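Trainee: With chain B's structure known, arrange chains A and L on it following the hints.
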Amino acid sequence: MSGGTLRARGGAFLAPLIAAAVLFAAAAHAQKPIVVGASISETGPLAVDAAYHLKGIQLGIADANAHGGWLGRKLELKLYDDQSNPGTAVRLYTRLITEDKVDLLVGPYSSGISQAVAPLMNKYEHVTPMPGASLPAIFSAGNKWAFQLLPPATGYLDGMLPMTKAMGAHKIAILQAQLSFTLACGQARLDQAKALSMDVVYSTTYAMPPPDFSSIALAIKSANPDVVIACSYYPDAVGLAQALHRIGYAPKFFAETIGPAEDQFISALGPITNRIVSNTSWWPSLKTHDNAGFIARYKAMFHEDPDYHSAATYAAMQVLGAAVKATKSLDQEKLRAWMATHEVETVQGMFKSGPTGLAMGFEQYMFQIQNGKRLLVWPAKNEQAKPQVPYTGQ
Amino acid sequence: MNLDARQVGQWIGRRLAAPSSAVAVGPRPLATAALVAAIACAGAVPLVTSAYVLQLATDILTFAALAYSWNVISGCTGYLSFGQVSFFGIGAYATSALVLRTGLPWYVAAIIGSAIGGASAAVLGTIMLRLRGIMFALGMLGLARILMVVSSNWDFIGGAAGLILPAQLTPVAVYFAMWVAVLVAFALNYFVLHSQWGLSVTGVRDDEVAASAIGVPTSWVKIIAFILSALAPAAVGGLVAWNRSFLDPPSAFDPTLDLQVIVFALFGGIGTLWGPALGTVTLVIVGEQFWAYLPDLQLALYGVLVIAVVLAFPGGIVGIANKFGWLRRKPVAAPAAFPVVARPAQLATSGNDAVIEVRDLTVRFGGLVALNGVSLAVKRGEMVSIIGANGAGKTTLFNAITGFVKPTEGGVFYQGKSVSDIPSHQRARRGIARTFQIPRLMESMTVWENTLLAARNGKRAAAAVDQAAWALHTVKLDSLWLELPNKLSPGQQRRLEMARALALDPTVILLDEVMAGMTRNEQGEIRAVLRHFRDLGVAAVAGVEHIISAIADISDRMIVLDRGKKIAEGTPEEVLRDPAVIESYLGKVS
Amino acid sequence: MIVLQLVVNGVLLGGTYILLAQGLNLVFGVMGIVNLAHGSIITVAGLFTYWFVTHTDQSPLWLIPCVFVVMLAVGAVLQRLLLEPLAKLGTRRELLSLMVTFGLSYVIVETALNFFGSQYVSLPNLQETWSVGGLAINEALVAAGVLGALISGCLHVWLHYTPSGKALLATSQNATGAVTCGIDVRRMRGISFAIGSALAGIAGVLLILILPLSAPTADTLTILSFVIVALGGLGDYKGAVYAGLLLGLVQSGVGYYLGGDVEVVVPYLLLITFMVLRPQGLGQAAR
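Residue numbers (my numbering), protein chains in the order written: chain B, 32 to 425; chain A, 6 to 595; chain L, 163 to 449.
Among the hints, a few may not be true.
Unchecked claim - Distance windows between CB atoms, simulated: (1) B:GLU130 <-> A:LYS492: 18 to 24 Å; (2) L:TRP320 <-> A:GLU414: 23 to 29 Å; (3) L:THR324 <-> A:PHE161: 30 to 36 Å.
What the hints assert, rightly or not - A few chain A residues that don't get close to chain L, going by computed Cβ distances all over 12 Å: (4) ASN158; (5) GLU293; (6) ALA326.
Hint data in this document are derived by calculation from the structure and do not stem from the laboratory.
No experiment lies behind these values; they were computed from the predicted model shown.
Positions of the beta carbon are idealized from the N, C-alpha and C atoms, including for glycine.
The following block holds chain B by itself, in its conformation from the complex (with noise of 0.2 Å):
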């Protein structure tokens, strides 16, 4: 045997021994999941819609890694829950970014724990997708790494005035419950008002959990206005509906934000709620980007229909893969470069971002109750029936 031989026999097994190598140590590196951190209410007050939050996020990973995941690893959740509580969420994103130190980030449900968690985004620079957040002032000067993934709450109902301008409504009522976001969409109800010339009869707030409204829905049909908007929640919703059909007074038009997208809503009220008109920020017969897919994969995986919420999230999952994809990496600063300059196509509409995070692409809808069926009324080329005036309560 000579030497060459020897080398030769010893290279034959060492070169696939050290090909093994190195595709066991690429195999091990592919293997190593994208960590995705979020706190979600799993438990508490805000619970039952977090649900449907949290579902979307499953949704957007299960589909990511049936994909093969993003740049060939698959996705996984780190999940936490901060039980409705702000102060709670503040101390679990902070354990994400320090101690778990997950790759990407979703915000939480609902404005309030969404503002609570938007300053850690910046105070320690981690691009994060609000789906759970529609008041702007969360995303104003200063805020660099939180991205709106929702339109924002001034836009909830845009499409009232100019609807029954356009049918010869001249004199509005404005309520509004005394939330941050209601109160920014109130306000925006009332500077189109005054821009469209359209006179405000009435206009009132009240505190949350709401009052009786017997007096309210006095005062309303005291002043006569042709369409009552209430910039509302859930239970002020339902009273002010039942409060106005108690005194037998029925505004030509009406609508509320909340309050109607709830499935209890029409149960709760029956045929008062007939021809109540509401808004909504995406909707199932809506042909936004793979709108169909996502229903069917919804529907799949967990036997129900999804929610705007789900949506919400599910849009926040897709912004957050283009990102991912085109920029082939996880740096957070590469990421927020390009979610600040470019749009995603998602199932919720387009993503777009204004300078300071503010979504400036998604489109807002409203909806009708239409004998117990909630139908797409507005705008004209989304509609799903034609809307039926007046409101009569019955």
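Mentor: Relative to the frame of chain B, chains A and L by itself:
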């Protein structure tokens, strides 16, 4: 049906201060060392831990500061408040507005915010502290709600949309600021529980009426305690707002904050020095770990905890520790041994001949006429006994003289001057001392402290310790000086009441049935003191009495009341033979 | 006309308030127990009614007698377990019962949260509005008002004209005296808390027809009930009637003329004002 602070005092007193096991005299090197170690550790936290633990520690400090402040008004003063978050919110808004509008550095703004919180407590206290018990608790809750609505409508501070606060604080800065807040709150607790002035607070809690009778200016004490309880929350509110970079009415006046604070303080031991800290640290840390397993039951567990503490161990952790002899409260200003009594005997200063005089005094309670045009005088150098059948109006007379009842007609004169406009605690300070028909002693304070409190508010306040020692020595309670009142026999309790009266260095003492419930020996001891009252510097004594045999021979004069009217006056021999007097007691012999 | 409608609304609203408060009044008046769990009992009863109606499609009015009986039993058990141990502590029991029921309220709310969720719920029944001479009168409000009046009337009759009721009154005025008259004071306490809980229960059954209820906001009802009870003079059920009516009328007027934001603080402002000016409340009995 009046739920008042007295019940808090009795509850705390009876639970925490088990017989001398709760009260320990002497230096406390172990406790001091523990405190220093805790402060040192707290300072080191930011250096050695992660951001997550720092945030947790900051939260613990925040709650501890709030729990200590709640403890001041609710535990130490006995005015249970369900709305201390009002000051948290006021401080948050004050601090935020200051920094946003004037650009002051945040720590300066926090101090000013704290001062504003204190000032608002002073103003609000004048209204709210008129309420007692459950009404005060609910009133404070209502106040928090009102403040939330007011701030929602006030655009200067952002209205319901709130204020955005640009990031100015690093987490470490917030941590240390909270640490300072806790130290301040702890120091205030220490002041209230261990200083001589603080005895007034405990006195108000244990028995506001009795406190007033021994000269404590209860209204002032309550307002000061209320102000002290607002300082830390106001500062903390500002710091929390800046840490969150956002402030709006619901987060400023969040009622669940009050709930948590109450649970922490209660669990640790309400009204104690260490309770709030122990309760907060334990429950926040336990909560973090334990409730991860049972997240849906967090509030229920809080509720169960509260019930368990109240039913099984109302003294909280500190109460349990007390049973083992730890964390016992040290009595205030108590020397290592009973002081040597150095006060010389003295005669009363001279003055007006009629020490106490009532003229045409009438007191009506609705339709009932308790006193009807009574005129009498207690003269310098004499002991007067006032007797009469039940319902004669004797105690009402004393109440009118000492200012606890307002006369419908007529006047009360002390040393020749009218005292109608002078509140009861002032009358006590000027020298009108009284005892109560049923002894009203401060249950959570030792015999020594009960007496010292009176001495501090009397005419010899400058030498209060000596005065208290002298008073106790005079009634022969020296050996029991560190006992708690519930360990004393009824007779000893009455002697303690007498000691309190003497500690005021009074000009006149009004004794309300002091002989009741005493053994012959005890009566003898009191009689010995009364015989020589002139040597004690007391100008006159008036005693309401049923046990006539005990006072007849030591009284100079006797007055008889019957159904609100004076029916006889004279020496005891004359009066006791008066047929009208006999008839009022025994009825007409037909 | 508007004024008349406001008055009618105010009176009906007042009736609802009376319904809310009478259970609390009985408990406080007789036992000196400050029941902070009152609102949570009302809420649980209301949530249960919602569950019952949506699952069985029956009228909620069937539940009134059922809930009454069930809450009688539950109230008796709670009283024996949690409050009876405090009874022998004399005057301190008021403060301690405050704390115990404070804890109890959170236990009840959390349990309700787990069973019924955290959402606001309401029922569409009894939504009919009758038009009487131009005035709109709502069925559900009338039902609540009538029941409130009925309960107050029954309480009056029971407390003043029946032996058991008089025994209860005696216990509330002087427990020691009642014992010497041979009254089983312990049983009286149990009865009063049981009835108080039962009244809270049926208040909840009706309330879900008028307002949306949710587990997390149960404490608002407790506070409102206390304000009414305090305004009326603690323990004085006649005073509670006056207070409920006053509150209803003032809220009705304020809501119309001054708007929704002021309306919500009316109870607290009234409470603080009265407590400072007339602490014994509106009723005759000053305790």
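Trainee: All the hints need checking, so say for each whether the structure fits it.
Mentor: Quick rundown of the hints versus the structure:
no. : hint                              : verdict
1   : B:GLU130 <-> A:LYS492: 18 to 24 Å : 54 Å, violated
2   : L:TRP320 <-> A:GLU414: 23 to 29 Å : 44 Å, violated
3   : L:THR324 <-> A:PHE161: 30 to 36 Å : 59 Å, violated
4   : ASN158                            : 6 Å, violated
5   : GLU293                            : 18 Å, holds
6   : ALA326                            : 20 Å, holds
Figure legend: structure checked against the earlier numbered hints; hints not met, in rising order: 1, 2, 3, 4.
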